[in-house]
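2 protein chains.
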Amino acid sequence: MKEILKEKGSIYCNSGAWDAFNNEIKRINPSKIFVISDTNTRKSCAPLFLDNYNFNLNPEFLEIPEGETHKNIETCLSLWKELSEKGADRNSLIINLGGGVVTDLGGFVASTFKRGIEFINIPTSLLSMVDASVGGKNGVDLGLIKNQIGVINNPILVLIDTRFLRTLPDNQKTSGYAEMLKHGLIHSKSYWNEIKNLNEIEIEGLEELLWESVLIKNSVITEDPFEKGLRKTLNYGHTLGHAIESYCLDDNEIKPLLHGEAIAIGMVLTTFLSGKLLGFPKDTLEDISSSILKKFEKVTFKSVDIDEIIKLLIYDKKNTNGKILFVLLEDIGIHKINCEVPNNLIIEAFEYYKNYK
Amino acid sequence: MKEILKEKGSIYCNSGAWDAFNNEIKRINPSKIFVISDTNTRKSCAPLFLDNYNFNLNPEFLEIPEGETHKNIETCLSLWKELSEKGADRNSLIINLGGGVVTDLGGFVASTFKRGIEFINIPTSLLSMVDASVGGKNGVDLGLIKNQIGVINNPILVLIDTRFLRTLPDNQKTSGYAEMLKHGLIHSKSYWNEIKNLNEIEIEGLEELLWESVLIKNSVITEDPFEKGLRKTLNYGHTLGHAIESYCLDDNEIKPLLHGEAIAIGMVLTTFLSGKLLGFPKDTLEDISSSILKKFEKVTFKSVDIDEIIKLLIYDKKNTNGKILFVLLEDIGIHKINCEVPNNLIIEAFEYYKNYK
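Each protein sequence line maps, in turn, to chains A and B. Just so we're on the same page, the working numbering is the position in the first sequence counted from 1, plus 482. Just so we're on the same page, the working numbering is the position in the second sequence counted from 1, plus 482.
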């Protein structure tokens, strides 16, 4: 049985997970149960959820529009109002059924409604299973700034059922794959080698590799829950990746990227920077760039785009005293946090990405 | 020296308090300092603050409009945006300088900005000194529902300087006095007797009585930080009081009441209910009603008002499974939590209040 047991935020995967889920609900015996989903997961994931849900209280579904552009305070406001109108009280339970947007936003809504009510996360995308499910971070975007508003607060339980992935479009699978690659890069050469050549992201064989990713993330956040040091390594590729993601969400010629698609670009750029500043081995950089660019379509950035992305960097949550600080690597699994990177090197990294063949 | 030392949320009052404040800022060495105030406290309290502030970083003032009607998510949104634009980062410090609206709202803004940055509360009203300063509750209203959105999170330090009270209008002083009366009712006959006959709320002699109130509240929240039991006693008079306060904020013929003014009415009604349901002594009820109605002007409620107020009760955060639960008293200092009260008794309580001479 795949499980990580904790005082709060236990994680269960596949076999036995639904029993643990149903037992936990019986234990807390909520007054009402609300399921937050988006337009997609309401359709594609609710049936499997309802097949396995086993408690003598009909869950009420609350639906939010699909996509990162709705991960904002306005959507929270409409959920808070709906919860109030439907009589949610302090003993009500929220179940977040969806990808990262639903679990991030739903976790924030639950953590702040009546100063905090209990919630359960059921991640349904690969990305949210390997990333958003672990660590208790939640929140919403503020304009173009990702996750600017939020708190750290664990759900009482996380349930991973890989059958939800069957309904996931391919680009969403690839997006989640990016975070698995990241876990390899920051933590383990052997895990990197195992996953870098997955020819197709096949659900049936994915359970073991996915769980290894969860274990890596869990070991990091257990050691450093409040991001004083080690947890910052999870931002590998994200400083640039978030800025790229935000920029592409805004009105311009580049089409919006999924989170993992942006992070994949961020990892290529950041590994290049690691080479420049910490002597990251050239052949490994080559291996990483080629593995990533085999899976993720190249995006064309003009200089005006790059300038704007650099401007967005200064809003990143992790920046302190106006300096842009990066996590860099000396080699796979050997990190250095709080590295300052001059702007001209960032421009050079985009050049490297653009010219990579 | 009046101080309550804790890992987080230490409280300092008057002599020595500013030294503790300045030392704490030096210790955490923030990247930037933002002071949240409202239009009133920016004018009347900033000078005393700046006279005593001693750190080599100019604080930036952020101003919100004055009054409970602005204690909402829209005001938070404008502050979050302003903080982002002014380059606030994870090591920035927020100082909330104002009454309960500023400390409640500012505490929530700080607790959720970039998933939580440090903040200090400097309560400037009597109400916020004896109540909002202790216990880490923060949040904002949602429509007519008070404090519906928020978290529990302590400031790193609370500074009480009773000189701020010199600028406080009389009705604001009386409002704070209501919470002191409440601390007497739920906790201590001797404290009740000390304060019930204060002829004028004189600042100069208030320090000792105010501090006793802080100590009572602190002892309650230390024993029960998450409101499982004992902390509920702090809601004495508040279940009805909040509903009355909300109702009067809305458009109708009754003028808006200050928090303490509404709570004072709530305490008369609730003590009447305590008499009906728990045999609270008649002469003590008489003593309480007369002491309160000497200080707080009577408000006229029509039956339509009372009906609407009862409707609002069901939205109170403390209600569970659709039942309206009250804290009642068997006598001063002897409480019983989670008491169900039928609606007809509530109507009777309003009758008692109306006919009291």
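Check each hint, because a few of them may be wrong.
One copy or two, it doesn't matter: identical chains are merged, so the pair holds either way.
[As the list claims (entries may be wrong)] The calculated lysine to any residue pairs, modelled on SDA-like cross-linking and capped at a C-alpha distance of 25 Å, are:
(1) LYS553 / GLY625
(2) LYS655 / GLU822
(3) LYS777 / SER497
(4) LYS490 / GLY711
(5) LYS568 / ASN629
(6) LYS793 / ARG645
(7) LYS671 / ILE627
(8) LYS508 / LYS839
(9) LYS793 / GLY491
(10) LYS563 / GLY625
(11) LYS514 / GLU830
(12) LYS508 / PHE708
(13) LYS490 / VAL633
(14) LYS678 / SER560
(15) LYS525 / LYS568
(16) LYS710 / GLY491
(17) LYS563 / ILE634
(18) LYS710 / ILE510
(19) LYS818 / ASN540
(20) LYS758 / ASN653
(21) LYS563 / GLU550
(22) LYS563 / ILE796
Hint data in this document are derived by calculation from the structure and do not stem from the laboratory.
Tested hints:
In this assembly of identical chains, LYS553 and GLY625 lie within 25 Å of each other by CA distance both inside one copy and across copies; the values are 10 Å within and 22 Å between. Taking the shortest Cα distances, LYS655 and GLU822 never come within 25 Å of each other, neither inside one copy (33 Å) nor across copies (52 Å). For a Cα distance limit of 25 Å, the shortest separation of LYS777 from SER497 qualifies neither inside one copy, at 30 Å, nor across copies, at 66 Å. With identical chains, the CA atoms of LYS490 and GLY711 are at most 25 Å apart both within one copy (22 Å) and between copies (21 Å).
For the homomeric pair LYS568 and ASN629, the shortest alpha-carbon distance between copies (17 Å) is at most 25 Å, but the shortest distance inside one copy (28 Å) is not. Taking the shortest alpha-carbon separations for LYS793 and ARG645, neither the intra-copy value of 41 Å nor the inter-copy value of 45 Å comes in at or below 25 Å. In this homomeric assembly, LYS671 and ILE627 never come within 25 Å of each other (Cα to Cα): the closest approach is 32 Å inside a single copy and 53 Å across copies. Taking the shortest Cα distances, LYS508 and LYS839 never come within 25 Å of each other, neither inside one copy (56 Å) nor across copies (52 Å).
With identical chains, the CA atoms of LYS793 and GLY491 are never at most 25 Å apart, being 36 Å at best within one copy and 37 Å at best between copies. In this assembly of identical chains, LYS563 and GLY625 lie within 25 Å of each other by CA distance both inside one copy and across copies; the values are 22 Å within and 9 Å between. Taking identical chains as interchangeable, the C-alpha atoms of LYS514 and GLU830 are never at most 25 Å apart, the minima being 55 Å within one chain and 32 Å between chains. Taking CA atoms no more than 25 Å apart as the test, LYS508 paired with PHE708 passes between copies only; the shortest distance there is 22 Å, against 31 Å inside one copy.
For the homomeric pair LYS490 and VAL633, the shortest alpha-carbon distances inside one copy (15 Å) and between copies (17 Å) are both at most 25 Å. Taking the closest pair of Cα atoms, LYS678 and SER560 never come within 25 Å of each other, the shortest separation being 41 Å inside a single copy and 44 Å across copies. Proximity of LYS525 to LYS568 under the C-alpha cut-off of 25 Å is restricted to the intra-copy arrangement: shortest distance 22 Å within a copy versus 42 Å between copies. Taking the closest pair of Cα atoms, LYS710 and GLY491 come within 25 Å of each other both inside a single copy (20 Å) and across two copies (21 Å).
Both within a single protomer and between protomers do LYS563 and ILE634 lie at most 25 Å apart by alpha-carbon distance, with minima of 22 Å and 20 Å respectively. For a Cα distance limit of 25 Å, the shortest separation of LYS710 from ILE510 across copies, 14 Å, qualifies, whereas the shortest one inside one copy, 33 Å, does not. For the identical chains of this complex, LYS818 and ASN540 are neighbours neither inside a copy (49 Å) nor across copies (33 Å), given an alpha-carbon limit of 25 Å. Taking the shortest alpha-carbon separations for LYS758 and ASN653, neither the intra-copy value of 31 Å nor the inter-copy value of 66 Å comes in at or below 25 Å.
Taking the shortest Cα distances, LYS563 and GLU550 sit within 25 Å of each other both inside one copy (21 Å) and across copies (19 Å). Within a single copy, LYS563 and ILE796 get their C-alpha atoms only as close as 34 Å, which misses the 25 Å cut-off; across copies the closest is 14 Å, which meets it.
Violated hints for the displayed structure, listed by number in ascending order: 2, 3, 6, 7, 8, 9, 11, 14, 19, 20.
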